[in-house]
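Peer 1: Spelled out, the chains give:
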Amino acid sequence: MQTLSAKQYVDVLKSCGVRFFAGVPCSVMRGVLYHLEKDPSLTYVPAVREDAAVSMAAGAWLGGWKSMVLMQNSGIGTCLDVLISLNLTYKIPLLLFITWRGFEHTDEPQHWIWGDRGNGILGESGIPYSILSDNVVEETRRAITEMEERLEPRALILKRRTCIDEEI
Amino acid sequence: MKRFDVIEHIIKMADPSRDALVFANGRISREACYLQDGDNHFYMLASMGQAPMIGLGLAMTHPERRIIVIDGDGNLLMSLGALANVVGANPRNFLHIVLDNQVYGTTGSQQSLSRVVDLSAVAKASGYRNVVREQDDLAAAKKSLSTLLLREGPNFLLVQVDQDDLQGTPPPQVEASVIRDRFRAWMASDVKQERA
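Line by line, the protein sequences are chains A and B. For the record, in the first sequence the residue sitting at position 70 is 77 according to this note's numbering, with numbers rising by one throughout. For the record, in the second sequence the residue sitting at position 174 is 180 according to this note's numbering, with numbers rising by one throughout.
No lab work stands behind these hints: they were computed from the structure. Heads up, some of the hints might be wrong.
Claimed, not checked - Sample of chain A residues at the chain B side, in silico, Cβ under 8 angstroms:
hint	residue
1	F27
2	T50
3	V52
4	A54
5	R56
6	D58
7	M63
8	W72
9	L93
10	Y97
11	K98
12	I128
Claimed, not checked - Anything over 12 angstroms on all C-beta distances counts as not near chain A; from chain B, calculated:
hint	residue
13	K8
14	D11
15	H15
16	P22
17	Q42
18	S53
19	M59
20	G114
21	V122
22	N136
23	S150
24	Q169
25	Q179
26	I185
27	Q199
From the three backbone atoms N, C-alpha and C, an ideal C-beta is built for every residue, glycine too.
All chains should be modelled from the sequences, with the hints used to inform the complete structure.
Peer 2: Okay, here's the thing in structure tokens:
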């Protein structure tokens, strides 16, 4: 499988014009977060909750900036109302970057239920998602283009130890 | 003090070329849209609790504008963590107004916890730069609004208001997609520095 370094992935996001980032950390994306925090040309806000991150990102988009929110899949539960009542109601695009904890129950048991149902909850809510693998660069570019064309939130799902290096 | 008198004055004080107004859901958005609509108004129709976070995204991407969030007590109680995010980002151009009537007015005036929690004290402890609490006197509230608009933020103004609603105000008669498009276009427009 193609594996990008965290820095390469952040460069892909930059090349697509994404400038505003907010999120709640997950260890699976610590490398990506490190580069978002470090890069002076990007804005990364550590959000207190995932719904705060989604709302800030909506504000940033209304201000003309492409935006992305990062979280682990349990955060879907925290921000689902905002995704529905703000993003889907007004049709405000947003790139969601979500780590798939609990996938095949390979990590701690508290992640398993979200691991089994998180993607389904997104889909049922009307939020399209793609699972990142060999297609990571193309899929990210396509999601950014399509979210702007369709004016909708769009999720990218990242499994542990797959296509983006977890380390710095 | 009547909430709608305060809302009317906030709209009057705002510079329609420079100042963005984000109105919390419920009676606040209803009364604002009814009193005076504008391209610089963002009416939050749902997503309760999120007005300051939408405002923060605006403030961070547009430091040349002033962002005024008109929040309610029930709204802010739902997302007190938002205060930490505002202070963390330290937006100089951010005024957070809370119209505190101590009830959930839109749903039948059930009591809120701002009876026992002083939200201005919470804002002060969170680290907002200037925090003012006004009650009883509309003239004093107007003066504080003028002062806070001129001072470097993030600033916080709590106005204790009556439970009275402006009668006959429907939900904003503007579709969500229209609110979005005209507000986004307005955000992208040039700021004319005509007024302080």
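Peer 1: Please settle this one: D11(B) was flagged as non-interface, so is its CB more than 12 angstroms from every CB on chain A?
Peer 2: Correct as stated: the minimum Cβ-Cβ distance to chain A is 28 angstroms, above 12 angstroms.
Peer 1: Hey, does M59(B) actually stay past 12 angstroms from chain A on C-beta?
Peer 2: violated, 4 angstroms
Peer 1: Quick check on the hint: Y97(A) CB to chain B CB, less than 8 angstroms?
Peer 2: Status holds, d = 4 angstroms.
Peer 1: With 8 angstroms as the cut and Cβ atoms as the points, is W72(A) at the interface with chain B?
Peer 2: Holds, because the Cβ-Cβ distance from W72(A) to chain B comes to roughly 5 angstroms (cut-off 8 angstroms).
Peer 1: Please check whether the beta-carbon of Q199(B) is more than 12 angstroms away from every beta-carbon in chain A.
Peer 2: holds, 19 angstroms
Peer 1: Holds or violated: is the Cβ of G114(B) farther than 12 angstroms from all Cβ atoms of chain A?
Peer 2: Check passes; 21 angstroms lies beyond 12 angstroms.
Peer 1: Non-interface claim for N136(B): all C-beta distances to chain A beyond 12 angstroms?
Peer 2: Holds: least Cβ distance 22 angstroms, greater than 12 angstroms.
Peer 1: Any Cβ of chain A at or closer than 12 angstroms to Q169(B), or is the non-interface label fine?
Peer 2: Nearest chain A Cβ is 25 angstroms from Q169(B), so the label holds.
Peer 1: Against chain A, does P22(B) keep a CB gap of more than 12 angstroms to every residue?
Peer 2: At roughly 17 angstroms from the nearest Cβ of chain A, P22(B) sits farther out than 12 angstroms, so the non-interface label holds.
Peer 1: Beyond 12 angstroms from every Cβ of chain A: is that where the Cβ of K8(B) lies?
Peer 2: holds, 28 angstroms
Peer 1: Beyond 12 angstroms from every Cβ of chain A: is that where the Cβ of H15(B) lies?
Peer 2: Holds: least Cβ distance 24 angstroms, greater than 12 angstroms.
Peer 1: Taking 12 angstroms as the cut and beta carbons as the points, is S150(B) off the interface with chain A?
Peer 2: Label holds. Min Cβ-Cβ 25 angstroms, cutoff 12 angstroms.
Checked against the numbered hints given earlier, this structure breaks hints 12, 18, 19 and 26; the rest are met.
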